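A.B. asks: Since the structure of chain A is provided, determine the placement of chain B on it from the hints.
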Amino acid sequence: MKNNALDVINLRKSYGEDLVLQDISVTLAQHEVKVLVGASGSGKSTLLRAINLLEGIDDGQILLDGQDITAVGVDADKVRSQIGSVFQSFNLFPHLNVLQNITLAPRKVHGTSRSDAEANAIQLLERFGLADKAKQYPDLLSGGQQQRVAILRAVITKPKVLLLDEVTSALDPILIAEVLSLISELKSEGMTMMIATHEMGFAKRVADQVLFLHHGQILESGSPADILENPRSAELKGFLGALREAGRL
Amino acid sequence: MSYQPSALRLQREEARRRASRRSTLIAVISTVVIGTILTVVVTGAPGFKAVKQSFFNWHYAVTSFPHVLSGLWLNLRVLVIAGIFVLIFGLLIALARTSHSPVLYPVRLLATIYTDIFRGLPLLLVLLLVGFGLPGLGISWIPNSAVVLGTTSLILTYSAYVGEVIRAGIEAVNPAQRMASRALGLTQTQTQRYVVLPQALRKVTPALLNDLISLQKDSGLISVLGAIDAIRSAQIDTAMSFNFTPYLVAGALFVSLTIPLTRFTDWLTKRQDRARVQQGQW
Chain A
1 MKNNALDVIN LRKSYGEDLV LQDISVTLAQ HEVKVLVGAS GSGKSTLLRA INLLEGIDDG
61 QILLDGQDIT AVGVDADKVR SQIGSVFQSF NLFPHLNVLQ NITLAPRKVH GTSRSDAEAN
121 AIQLLERFGL ADKAKQYPDL LSGGQQQRVA ILRAVITKPK VLLLDEVTSA LDPILIAEVL
181 SLISELKSEG MTMMIATHEM GFAKRVADQV LFLHHGQILE SGSPADILEN PRSAELKGFL
241 GALREAGRL
Chain B
1 MSYQPSALRL QREEARRRAS RRSTLIAVIS TVVIGTILTV VVTGAPGFKA VKQSFFNWHY
61 AVTSFPHVLS GLWLNLRVLV IAGIFVLIFG LLIALARTSH SPVLYPVRLL ATIYTDIFRG
121 LPLLLVLLLV GFGLPGLGIS WIPNSAVVLG TTSLILTYSA YVGEVIRAGI EAVNPAQRMA
181 SRALGLTQTQ TQRYVVLPQA LRKVTPALLN DLISLQKDSG LISVLGAIDA IRSAQIDTAM
241 SFNFTPYLVA GALFVSLTIP LTRFTDWLTK RQDRARVQQG QW
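Chain order of the listed sequences is A and B.
Counted the way my numbering counts, the first sequence spans residues 1 to 249.
Counted the way my numbering counts, the second sequence spans residues 1 to 282.
Chain A on its own, in the form it takes in the complex (with noise of 0.2 Å):
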């Protein structure tokens, strides 16, 4: 059988007195799309960032394929070079074009040679309507445009899993309509994906399952449709009351 794409048990962790994520558990098979939905500073983003090595945590484990990637001695780096990340305000590096931003970690961290780089970050702007950006610099793209080229320099290394951290929050409706396509394409392809998001109509697209996170816990989890419409715990219906009520939902 096949291993899942990744494993968290028991997962805890907390910034001193504060308990931020309580034995969380999740899984992600293999092709699986699960997103995240909860309120700021319910732990969305710290699990995704504990995921990723980025943030320490206190107890519990993460498989990456199987490997278990926070036992002592593990090479964070060779893990982060399997797992591609994405948040909320794109990260671009300014200093480098979009062809250079999307070939550095191929060409420094996979070994890749610069031509075949290239050659590969072309295909992949121009399959994405992006291949007259390649020689921009970030700050002349529009917000929109500089998030998909953030999501294909995650993807470029064909990472096991990709983490979305709130990708659109910093994003007006039509800039976030094509970067949701471009992860509902993605997803098409069998991108295995965990995402954070606060756009509950995308939510409902791409989730294979939905997880509400509350207080760093997994309250309720299920089909969007489930979670969305038959929402058990008080919690969660307070958080899609509050959705409504914001015209998000």
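Derived by calculation from the structure, the hints in this document are not laboratory data.
Everything numeric in this text was worked out from a predicted model, so none of it was measured.
Be a bit skeptical, because a hint or two may be false.
[As the list claims (entries may be wrong)] Short, incomplete list of chain B residues facing chain A, as computed with Cβ under 8 Å:
| hint | residue |
| --- | --- |
| 1 | ILE170 |
| 2 | ALA172 |
| 3 | PRO175 |
| 4 | GLN177 |
| 5 | MET179 |
| 6 | ALA180 |
| 7 | THR187 |
| 8 | GLN190 |
| 9 | TYR194 |
| 10 | VAL195 |
| 11 | PRO198 |
| 12 | ARG202 |
| 13 | LYS203 |
| 14 | THR205 |
| 15 | PRO206 |
[Said to hold, decoys possible] In silico negatives: residues of chain A with every beta carbon more than 12 Å from chain B:
| hint | residue |
| --- | --- |
| 16 | VAL20 |
| 17 | ASN91 |
| 18 | ASP116 |
| 19 | ILE156 |
| 20 | THR157 |
For glycine and all other residues, C-beta sits at the position ideal for the given N, C-alpha and C.
C.D. replies: Frame of chain A; chain B shown alone:
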């Protein structure tokens, strides 16, 4: 239909033209007045004739010019050599001071002590200590040349400054950049090399050029060790003629060297500011 400017617009433009004419007129008048006052005060000073004789003597300016110019050639070579070493050492000091590796703790400590000492010591004191103290140790491989020892002193002092400038640049790079780089799998060293340093150096280029201008001037201080640079050449001529004009010649040559560099720095700073405005990062 073609655009006809409204009466309102014409009126506004006329007012703007009037205001601008007025500003120009005021600037001209104020320049003339202040210039006249300065001229009267200076030329009217009781010692003006004597000062003019001993500082602005065309004959001595012409005869000392070739000596001072050949001295300046030494300043230029010192500047280039010192500049290169200062950049290298400054970079190493900045990297040491911003590293978090436990292995490098002693290096970090040393770099901090070094910076504290050499930023505090007056350059003249460093010159005297290195220039007269080091050869006094009698170690055979330490050269006795005033130029080498003087350049060494400049490097010692300026590396401390430049190290701090580069460190500030490194710390000014958004931590999210480092995080994004590590998330791609780049190591600490690769992140520093490909992501942090290029951005840091770009941020501090105007400040570094400023230090270079300052180094250019201070290269004249090696004359206290007896190196025959522009200032020393002027001093020799002065001693022979009892006329101070050669100092002014040296001064004019130094200024003519710094002005292009200063303008270039201004231009670069302005360009960076403009780029930042476009990005809306204020």
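A.B. asks: Looking back at the hints listed earlier, which ones does the structure fail to meet?
C.D. replies: 1, 2, 3, 13, 14, 15, 17, 19, 20
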